[in-house]
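K.L.:
One-letter residues, chain by chain:
Protein chains: 4
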Amino acid sequence: MKVALIGLSGYAGKVLYQLLGGHSRVNQVNIYDHNVDEVTTVADTYKGMIGNRDRVYPYDYSEIMNKNDAAFFATPAGVTSKLAQPFIHEGFPVIDLSGDYRLTDPQTYEDWYHKPAAVSGLDEAEYGIADFNHLASTTNYVANPGCYATATLTGLKPVFNSDMFSLDSVIVDAKSGTSGACKRLTESSHFTNVNENLSVYKPNQHQHIPEIMQQLVEWNHEAKPIQFTTSLLPISRGIMATMYVKVKPDVGISEIDELFEAELADAPFTRFTGTELPDIKEVVGTNFCDVGIAYNETNQTLMIVSVIDNLIKGASGQAVQNFNQMFGFAEDEGLKLAQVTV
Amino acid sequence: MKVALIGLSGYAGKVLYQLLGGHSRVNQVNIYDHNVDEVTTVADTYKGMIGNRDRVYPYDYSEIMNKNDAAFFATPAGVTSKLAQPFIHEGFPVIDLSGDYRLTDPQTYEDWYHKPAAVSGLDEAEYGIADFNHLASTTNYVANPGCYATATLTGLKPVFNSDMFSLDSVIVDAKSGTSGACKRLTESSHFTNVNENLSVYKPNQHQHIPEIMQQLVEWNHEAKPIQFTTSLLPISRGIMATMYVKVKPDVGISEIDELFEAELADAPFTRFTGTELPDIKEVVGTNFCDVGIAYNETNQTLMIVSVIDNLIKGASGQAVQNFNQMFGFAEDEGLKLAQVTV
Amino acid sequence: MKVALIGLSGYAGKVLYQLLGGHSRVNQVNIYDHNVDEVTTVADTYKGMIGNRDRVYPYDYSEIMNKNDAAFFATPAGVTSKLAQPFIHEGFPVIDLSGDYRLTDPQTYEDWYHKPAAVSGLDEAEYGIADFNHLASTTNYVANPGCYATATLTGLKPVFNSDMFSLDSVIVDAKSGTSGACKRLTESSHFTNVNENLSVYKPNQHQHIPEIMQQLVEWNHEAKPIQFTTSLLPISRGIMATMYVKVKPDVGISEIDELFEAELADAPFTRFTGTELPDIKEVVGTNFCDVGIAYNETNQTLMIVSVIDNLIKGASGQAVQNFNQMFGFAEDEGLKLAQVTV
Amino acid sequence: MKVALIGLSGYAGKVLYQLLGGHSRVNQVNIYDHNVDEVTTVADTYKGMIGNRDRVYPYDYSEIMNKNDAAFFATPAGVTSKLAQPFIHEGFPVIDLSGDYRLTDPQTYEDWYHKPAAVSGLDEAEYGIADFNHLASTTNYVANPGCYATATLTGLKPVFNSDMFSLDSVIVDAKSGTSGACKRLTESSHFTNVNENLSVYKPNQHQHIPEIMQQLVEWNHEAKPIQFTTSLLPISRGIMATMYVKVKPDVGISEIDELFEAELADAPFTRFTGTELPDIKEVVGTNFCDVGIAYNETNQTLMIVSVIDNLIKGASGQAVQNFNQMFGFAEDEGLKLAQVTV
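First to last, the protein sequences are chains A, B, C and D.
Per our numbering, residue -19 is the first one in the first sequence, and the count goes up by one each step.
Per our numbering, residue -19 is the first one in the second sequence, and the count goes up by one each step.
Per our numbering, residue -19 is the first one in the third sequence, and the count goes up by one each step.
Per our numbering, residue -19 is the first one in the fourth sequence, and the count goes up by one each step.
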């Protein structure tokens, strides 16, 4: 297959480029950039990609559709919704890493993204939380979930598929490294401000909240608005979502443990670690989401810890997983990553 | 005044030594170490204290009481309870940075510390959460609070002194840098394991939980067991406690804001930052605890963010503050620290 | 005394503000900012300076001279040379932290700074490498050295005051944390680029090279152009200059050791650590420069390791030291800093 | 092929295990550990290797030779020399990542490693600096170079293969992350000591010095003892060797540039970046060594900057490269790593 990668310069685009290069069913990756007017190379975009002569072409939707079998959009929110229109119109297979088609309600999009919503196609897009919503081969447009949403939803799936918990008591205290934000230069990404620090940002205002709620409600109509907090860690990579929920009376740890075991058993890239709580380092460099739990009897509170690599499971790896589902490839094709970390 | 510092080699001892050196009412700091048999120097203990010829003497309680007007114990839990007995017996003024006399119930101590409790003196000791429990001049023994306890209690004080909140819904997600643990060499303090990582440790088992509960119950007899989680940040210094509590119906943000304003107004080293949430960096190098809040109307949840320097407000700075109270010195004597950070 | 601090918003200005606040001979610090049009406060400038109502006034040179006894310029290169003209004209005491008056030759300034040199006053300014050039009380204008220059010159002073070394063989491999650069947002200060990285920058082009050479030539007319390399460390604070020089035949380590001991003995804030090589952490938070040496007989090479806190000894601390010299105060007034680090 | 991996628990063993898992010519990796008495699993060794049931067998040399076609030793110096004896005796193919067979002279080994040298086999071992010493298919025992040696030799190869430089003037200022040292818990690997610090260690005593000199002398009999310094960076991964050498009169930058271009052109995993100096981040996660240069005309000094991932090119990646050479596989088999970093 030939695939188009639109948008190389962001973190997700760079990682996606690397992952697609190791995908045995992809013969050719053609790169496009809506910000360039003439052909450049990968080496021009990335200092470290020395000698990489792969071309980066100016964006041209008809050429993209003519030369490729599928397209990945790694372009920003607000940009993607405009670029993707002809693809949606033609029913061309798209995996979209932006947030533009995740929310079915345009007003909700505008409230949280402070941008105009996509003018069409919202209903056609499928929300691709890949470990749980296996895409049909008829899917043409998949909205790849946000990084925080992926970690949170994976940990909460068992909770919202049972009646053991008080669904109005869910608290998510999530933390991310700096690559979770975009590469833009801001005070909050300056080394001296991030290093040796921890800071809460966008309290109650993070744009991943509505996609989490939308999915939770789909899983359980009694879902109530969760508390969701995001903090910036002094690390480059990784997310931990630490979640709390009240357990109903007469529910014991063994039932909870069985519930998690059962609910997560079929999720291909989720590993339930039981009461061994996972840390961020164990998943960085992989497409895994590791989930562990700790139950506190004294206050009937369950803590769920969920960790991912925000750029792999939280973005580009999940995009490849969705691509595999759309085209009927093995779920882990291109994702058997040697985690060359220590 | 002459003061004894018992235990220099730990983080708290080192910082306390520095703070006492800048205290205008302290003429002499005599250092003792229960692990040395003969006189050494500060320079022998700390590579960076080049040329510092201040003596470190072997521990000898009668000499300590003869030559000093007060004693600071910066010795570990389990050690302090043994060393401090003669001081308690004599009614000699002690500021104890260990956890040995914080809990009034010896069984609780043994359950959480997995060590024998102090054989006597537990009733005589005052728990010195300095911004709230101003010590009387008759106090002879002050148990200086734990670092996590200090950040948590400061943020929760307003909550437990009002009837606006559901006290059975309190969740504390606390994070600390590595100097919060002791200097012992462990897998979990190895650079390669801490760096680029975040990990939850001691879930529901941290030994600061009982002292927090003991104080909360004292503030409000209806206090229920809180959820308390500790995570290790890849930084050397600082604690953030992110706390959540359900707000009762019909309580609005303005009442909550007024409550916090009022409850924290007289706390000399607490700064209420309103809805500007504090970060760790702004208090590192100071004795301040900064507290901010964010209210989420959609789920009636109040988030409280409390930050401290774990070694100053969370240990040695608060010890000096308690010392000031015991001897009637100005509250901020020795604590007007130029925060030489950027 | 009343002193003016011109420029608060940079790293050096912030640290200088803190240091002057603890200087017993300074009753009042009046802050001015050439970028503000109306009076603001310190709290407006720095998020962490909560409740600090100290005023920041618009820049007005006549008012500054009327209301103060001395002025510190913590304004950028290129700006200071313009603002300082009336002060030079009046012979008003100035401590200038910028690079604008360090070089006596205007052409050299323009070659390295790529800006127009100061139109006058270059001859009046004294280069204030405080541990070695003790200022006379008649000095009106002191050019405070650059951070790299301070670490390098302190380590090389003994070398250039002896005939034991081949002066054409000097190599300086210097490394700095991010606060050594200004607060401007650049790719090279983005957390994701600095973290887990080391990079050489401005090879052979750093603007501190000419001031180092100017001082070396003053110390020894046979000085030859040194090799000087700067690398960016993933830390916030501190500089290490690792230096190499060939030792002449028949010179032994004991003579070298004696030379360093003797040459650095009178430098008030320099600590010669012998063959115990200093690390960065031992000086961060202090005004000290620690210098150690290691001699390699197999190739007759002496390694000299010099470390400073770039914002204290390398900027604001040295500025206070120069101020103390100008006004005849004790050398360490305002600089007896408790290094509250571990 | 079936290969034995002896020693999984160290950093190099873990990375090697991951790399061999992605090597298309390796069907089976059998793991052995000389410290275990009974069969365990990879998951038992590494917390993050959740669910990995690959077996770890007790060490048994005859079984290893019977069941495998080659053996990788990722065991410590001093241990390997003992374990490897039967393999050497049998002429069984071994790739040895320890330092035990790198030095041909046993006395030199004992002087630098402070351990007894191998009793036999030193002459049979080939030093596998893979980009330059292509192994013959008759090689049975390859001593994989040290991490510092790899970065240094790659950068110095052109220097020692020309007559443009003063070979007695070579200075190497090398810096490494913490995974360059072993996993042992020491003061110098404690997070609080490494973080926000830089320290020189083992001045003139690093055990990689003799293997560097041995290879340099082989390349050029006029090689003289180099100056070699090692510093510990507050990062987990990566080495930068910054090197300096005096250029002879009448040699210009264009000749030097051509020399480097020519000398490094055939090195399969070396990328010459010209005057664009490489940083550490660009090679982490890859088997590349990037080399850049900067010439300073004012003092006729050439700076060479060489960077590697210490665990891939500096250990396990180079081991795979040597394995590929021994068995005639493509040089980059198993080493076409998607550098999933940003």
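These aren't lab readings, by the way, just hints derived from the structure by calculation.
Be careful, since some hints might not be right.
Put simply, identical chains are the same to the list, so a pair is met inside one copy or across any two.
[As the list claims (entries may be wrong)] Taking lysine to any residue and the SDA-like style, the derived pairs with C-alpha atoms no more than 20 Å apart in a straight line are: (1) K228 - N279; (2) K(-18) - V99; (3) K182 - T88; (4) K(-18) - R35.
Only a predicted model underlies this, so the values are computations on that prediction, with no experimental measurement involved.
K.L.:
The structure should be examined with respect to each hint, and the outcome stated for every one.
P.N.:
Do the hints match the structure? See the list:
no., hint, verdict
1, K228 - N279, "both (11 Å within a copy, 19 Å between copies)"
2, K(-18) - V99, "neither (28 Å within a copy, 57 Å between copies)"
3, K182 - T88, "within (17 Å within a copy, 40 Å between copies)"
4, K(-18) - R35, "within (14 Å within a copy, 39 Å between copies)"
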